[in-house]
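S.K.: All chains, please: the whole structure from these sequences, using the hints.
Protein chains in written order, with my numbering: chain A, 485 to 625; chain B, 912 to 1285; chain C, 721 to 1085.
No wet-lab data here; the hints were simulated from the structure.
Treat the hints loosely; a few may be bogus.
Unchecked claim - A partial selection of chain A residues facing chain C, derived with a Cβ cut-off under 10 Å:
(1) Arg-530
(2) Gly-542
(3) Tyr-564
(4) Ala-571
(5) Glu-578
(6) Leu-580
(7) Gly-581
(8) Asp-583
(9) Lys-620
Since this is a predicted model, take the numbers as computed values, not measurements.
The beta-carbon is built from N, C-alpha and C at its ideal position, and this holds for glycine as well.
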Amino acid sequence: MEEKTLPRILGFLCKWCSSTGADLAGVSRLKMPASLIPIRVMCSSRVNPIFVLKAFLGGADGVLVSGCHPGDCHYQSGNYYTRRRFAVTKKIFEELGLDTNRIRLSWISASEGQRFVNVVTEFTENLKKVGKNPVKAEVFL
Amino acid sequence: MKGKIIPLKDNLNNTIKEVIKSLLEKGCFDAILVPNRVPSGESFTYLLINDQDFLESCTPLPPIMPIQGARALRNLTRRGKTSLKVLCVMRPCEIRAAIELSKLRQVELENISFMSIDCPGALVTKDYIDKPKDSDILYEEVLDQWTSEHLRPTCNTCVNFSYENTPSDIHIGIIGQQKNHILLLPISDKGNALLGKIDIQCSDEISSWQTNVKEILQKKTDQRNNSFSELQNKTAGAENLDNLFSDCINCHNCMRVCPICYCRQCFFESSDEVRIEAENYFIKAQNKGGIKFPANTILFHLGRISHMALSCVNCGACEDGCPMDVPVAQIFSYIGDTVQKMFDYIPGKDRNEPIPILTYKEDELHEYEDSKGQ
Amino acid sequence: MKSFKIPKSPDDTVKDILLFLLKNEKVGSIFALSKVHNNNHAYTLITDKELLSNITPTYPLMLANAGKMISRLTMIEAVKSPVAVVLRPCELRALFELVKLEQAKLDNLLFVSFTCGGVFPIKTKKDGLENKLKEYWENVKTGEDFQELRESCRICENFVPDNADIILQLAGNDTNTGTSVLIKTEKGAGFLEGIRDQFDEGSLESTTLDTIRGKRKERKQKTFADLKTEDFGIEGLINIFGRCINCHACSKACPACYCKLCYFESADSESDPSTFEIELKKRKAIRLPADTVFYHLGRLTHVGFTCVGCGMCSDVCPTNIPVSTIFSKVSERIQKAFEYTPGKDLEEKVPMSIFEMKEFEDVED
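M.R.: Below, the structure written as structure tokens:
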């Protein structure tokens, strides 16, 4: 029953760290809300801002972009670009009155299973507070 | 043919809506594709609806056609058939465009049914958006007169405004009737079965409506002939084409709003046309002393005509979407008429008749080949 | 800064300069707005002196952003012999952005521009623009707000073409008795060597220009505040973009949108019927064709940092959506965040192509 009331989060996880971090959380049997639908990408910089928008307008309650900590990118500098792109997306959200609580950028390394759990749990709790994404009911998008 | 006369329920759109609603209610369809007013009120868009409440706010015959219905259907079924049984409530030209697109494999007609409505034409979208309220009143007048200077120019010269040449399933006759009733006509066997399911027996005489249709058809044919003879003088020769298209700013809007132009990447936006060596431009400029930028606007229009004139249904979307009011639709309609006549082809009329350019006969068109050559 | 005055109208002054350049074989061709068929105007690449009489470089109409047109010309290779290009400040800025994005090359281009009084919406053309010209030039002289101009021009603070080589002083200047020309760069001086025996001293800075800038800024702030974009939310966005017909004219006219195949026209943007069916189940109704708000937001993420506010997008919209005003406002915020002014400095990299090790700590966690 809890599933139905949980917010839905679409997560873009970098293959080299965040996704492995998520796996670590799993094998370590850490508990977290089943709110995240993960999509593995080769690097967080693969995430075109359009992906975030599509997820948001598709009705996702939250969108998580997650990659290696700055300086640790498998491809040297991918995540620095991710941060810039995310900043642009966030500015657009702010300027157009869209809820910035629904998008989040988190750095999670392969060894940070616990941090992955914390991020997902915290994001889920926040989203519970802000409620369902109103976009879900819109038909004229 | 017989039909069913249905008395008007406060207004035309509401009466049609009742029919659609009962079709959805009886489970004849899973969803209805029908125009709806946008929330801000000054325009319309197609909605695919499976809910009675949303149907309540639909407008089966909106005063404007900002989006050609075939484009909406293309959006839905370009990648394959839909498993939903869908009723598309559209103007005749939209249905004909959808049929053409199905021949071009851009629309999948399985599970799709059509309801057409006698079409008085569509107002110019830009004008409507400026003054939606006044335009709504204006459209009431159009429904009386069946012609108006405020309509799209190609609507005034449209001869396929009723069920003829449009293979819909159910047609709604409103010409000369709209003051007190509408007419339901089963065009196909499917349409007949559908009306049966909502307990409508088609046994009413329709001759008075048919007379009205003929009368309007005569009027529109005259207007069409006049317009074509005018266009004949305007389009002939390079000089005239230069003048006609000189307003064009190469935004390619006509192409993108055209239901038939379906290429994802148009040749005129591809590397072939966009990535050209600078030298190339200079050589052309030196030949004539100078060239226009963007270059090749006339090539674009002639190229587009050569691609889709055979399937052009004269909906007028191109002209409606043109920010410069180039009379694209009128030109295309005139040229389209000429090439369609060559093959005795009416686009969208017959689902099974192939587009002439996609077929051939071994023994034809000899007047276009050189038989005297050595 | 060297300057000189030619006792002629702005258009004739440009003609004089271009004729000098052509005659002395300093340039081989000219790129400028010209009168063409049917009393229309279009950008033209001219190699024949005779055709110079047709040019109308200061005619207040922008049918295409010249930056985009020069990008077409120089996309693959730089021009081999010098070309004098006459264009407006925002067009030059757009071109600079396109150069940074590797869509154009500047070699051998000499830029002639002017302090810009703005242009009319292209829709004005059909009501006849000629009878408005007198009033237009009067307003250019005084720098007063002219209601009939493009919204984007009325709120434009960047009407001085800082990066041009040769600059005509129009805004805030009386051009009835003649037009002042400033030679901004060394390059410009080289090209104009010999046009005069003696030059005056001139400056781009003046209190008049500051006043005009101030007025435009004030208008901009008011226009932006009136938009109330912060209150849009999804409902507001639907109200504004709901009448969009997915024609993508704004993208085709936009100098910053240079992709040959836009994502929103690619197969990637299409959905299987089953996707629509799932959405229909959830929402009970769906719009077809879909993706209007998505398209505009997506375009904002792509062009927000390079938007020069030329206003082409609003002008070509067949459903009168104020695209440009919204894009300018959102872009201003993005550009501020990156401390970036598009088209200002060729050396300054496009924000999306570089990064700092430490920045935007407020967006990450």
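S.K.: Of the hints stated earlier, which fail here?
M.R.: The structure breaks only hint 1.
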